Amino acid sequence: MPSITVIVQLGLVFAVFVLLLLSSAAMVYAERKVAAFIQQREGPNRVGPFGLLQPFADVIKLMFKEELRPGGADTVLFLMAPVISATAAIAAFAVVPFGAKTTFFGLLDQPITLQVADVNVAVLVVFAITSMSVYGIVLAGWSSNSKYSLLGGLRSASQMISYELPYGLTLASVLILANSLSLTDIVNRQEGYWLGFIPRWFVFVQPVGFLIFMIAGVAETNRAPFDFPEAEQELVAGYHTEYSSMAFAMFFLAEYINMVTVSAVATDLFLGGWHGPFLPASLGWIWFLIKISALLFFYIWMRWTLPRYRYDQLMQFGWKILLPLAVVNLLATAAGVILLGV
Amino acid sequence: MGFELPLFYVFAAVAVVTSALVIGQRSPVYSVMLLIASFAALAGLYVLLDAPFVAVIQIIIYAGAILVLFLFVVMLLNAPKEAAPWERVAAGPRRAGAVLGVVLAGELAWALWHAALSREPAGGGQGMPAHAIDSVRAIGQVLYTDYAFAFEVTSLLILVAMVGAVVLAKRRV
Amino acid sequence: MVSLNHYLFLSAILFAIGTTGVFLRRNMITVLLSIEIMLNAANLTIVAFGRDWGAVDGQIIVFFVVTVAAAEAAVGLAIVIALFRLRESLDPDAFTSLKW
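Chains as they are written, first to last, in the numbering used here: chain G, 1 to 342; chain U, 1 to 173; chain V, 1 to 100.
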């Protein structure tokens, strides 16, 4: 019955879309709660139980705000920039698998992977789409006709290009280990255990790679301590200084969805995806959720703990430490695969 | 595969229209953005040609790196719009340029038309089976054996370009 | 069925557009962009032929072309920056002092 498969696939697309939107709402809430916890405050606690409805109140507030457009702004690009940001953020998730093959309780004849599109060059597609997200920020900075926005946009362009290189090189070392470009294959290579109890996750083979990937991921998503494009103290709000209302909300959304995507890709590449003990394979997505949540918590934790780098330090770090380290890691991985025949 | 022909025309139309707009555009920022659209359409064509690897490379390297560099330079120089792009060029050279462009297009089309008539289809046009993952593997296999020398020379080229760019753009080396 | 000729004609049109851009434009950045269009037109031809012959060599050559294009863009843009510092202009006609 191909028609049911098509319906299920479409439902999956819709579900992933809604879940991504909800995840960013959850992230807003989590960020504020964790920040409050770290700073010994209460955090949002007025709207709904424990302030759980706060993100929705925020969205409603944003919707009713006035849409401002600075004089001398380039209208077309000014309106396009947040759309590009949000689209790139959501599209990148399309090829990320988040659960084992399932038939949805026997509904389907052929089991399908919990993934919007199974592309066999998935890793490269994720990389390609994330590399497009820089345009949203750069264009926002340029079209606002404001020097703070422009500086934010320029910074983000150089930052994202610089950190894409170590990011890509660590991807390459995982590809060498997994011998495949498909994220589903990569996850399935991490099934099982060494010595009966250590999971076969690539993070244990590639600790340095995982570290580089996470650092570069933080830089790619413009999060603290690498949040130069929007460094409040220097650039007001960076590239989205001039944005208000829903256009601003789209940048916000893009930032959180990018975090979710980077965490999801990191989980698939290094943390064994949906594989984990105690749960049957059909419930693997619970493991996936747990792993993603842990990584996201780490992100938030880092933001509220570490001070911002200086811009030149960031560039120095990216080019003179992270990139050479990534190259050495790649060479070591290749040598290891040849010598040990893993 | 009934989708292939309509898809081809959509992608081709997007590529041609956006490319034409790139060169008919005053603002360099718009030119760069339109070129990205054009390259995205080309990437779609590569997928139609069973070359997903090339398509992704096109997006990663062209759209994700080279054009970001262009955009960066445009923004860095805060490049002024060309005051009046067509009027600045004297009428004579301008017409000559336009005529030459059309002549070139016609010439290429004519040459292709004749080549197409005389040519025998080699692989049968649609003979190549679509095995994307094998295609990446096959590319790697050929790239690092038959083309190993060219590959190494390319790395030298990149090194030279890198040194050249730094020397040229830096005020004091 | 899309034949090889479809791709070849498309590539010819794109190449002509790129060439026209180099002829007509008086902005060094746009001229560089036009060159990128021409390179891409050539790439399309190469991939189309490679598919027609059932060989991967076409895709490999594209790989090299893209690398060369990246190097070209880096050096070209560096030259543009250096020239802009000298004359505050992107018009190639501003740099004709060696010509007489």
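Check before you lean on any hint, since a few could be wrong.
[Said to hold, decoys possible] The list that follows gives simulated cross-link-like pairs (lysine to any residue, SDA-like), each with its CA atoms no further than 20 Å apart:
no., chain 1, residue 1, chain 2, residue 2
1, G, 61, G, 75
2, G, 320, G, 225
3, G, 61, G, 73
4, G, 147, U, 165
5, G, 65, G, 75
6, G, 61, G, 248
7, U, 170, V, 84
8, U, 170, G, 147
9, U, 170, V, 3
10, G, 61, G, 37
11, G, 320, U, 163
12, G, 320, U, 165
No lab work stands behind these hints: they were computed from the structure. What you are looking at is a predicted structure, and each value in this text was computed from that prediction instead of being measured.
Taking the hints in turn, this is what the structure says about them:
For the proposed pair residue 61(G) and residue 75(G), the alpha carbon gap of about 24 Å is over 20 Å, so the pair is violated. With a C-alpha separation of about 18 Å, the suggested pairing of residue 320(G) with residue 225(G) holds against the 20 Å cut-off. For the given pair, residue 61(G) sits about 25 Å from residue 73(G) by alpha-carbon distance, which is inconsistent with the 20 Å threshold. Between residue 147(G) and residue 165(U) the CA atoms are separated by roughly 27 Å; this puts the pair beyond 20 Å, and the hint is violated.
For a cut-off of 20 Å, the pair hint linking residue 65(G) to residue 75(G) stands: about 19 Å separates their Cα positions. Restraint check: the Cα-Cα separation between residue 61(G) and residue 248(G) comes to about 12 Å, which is no more than 20 Å; the hinted pair holds. Using a Cα cut-off of 20 Å, the hinted pair residue 170(U) and residue 84(V) holds, with the two alpha carbons roughly 13 Å apart. Proximity of residue 170(U) to residue 147(G) is assessed by CA-CA distance (about 23 Å); at most 20 Å being required, the pair is judged violated.
Using a Cα cut-off of 20 Å, the hinted pair residue 170(U) and residue 3(V) is violated, with the two alpha carbons roughly 49 Å apart. Simply put, residue 61(G) and residue 37(G) have alpha-carbon atoms about 25 Å apart, too far for the 20 Å limit, and the pair is violated. Taking the CA atoms of residue 320(G) and residue 163(U), the gap is near 16 Å; set against the 20 Å cutoff, the hint holds. The suggested pairing of residue 320(G) with residue 165(U) holds, with an alpha-carbon distance near 18 Å, which does not exceed 20 Å.
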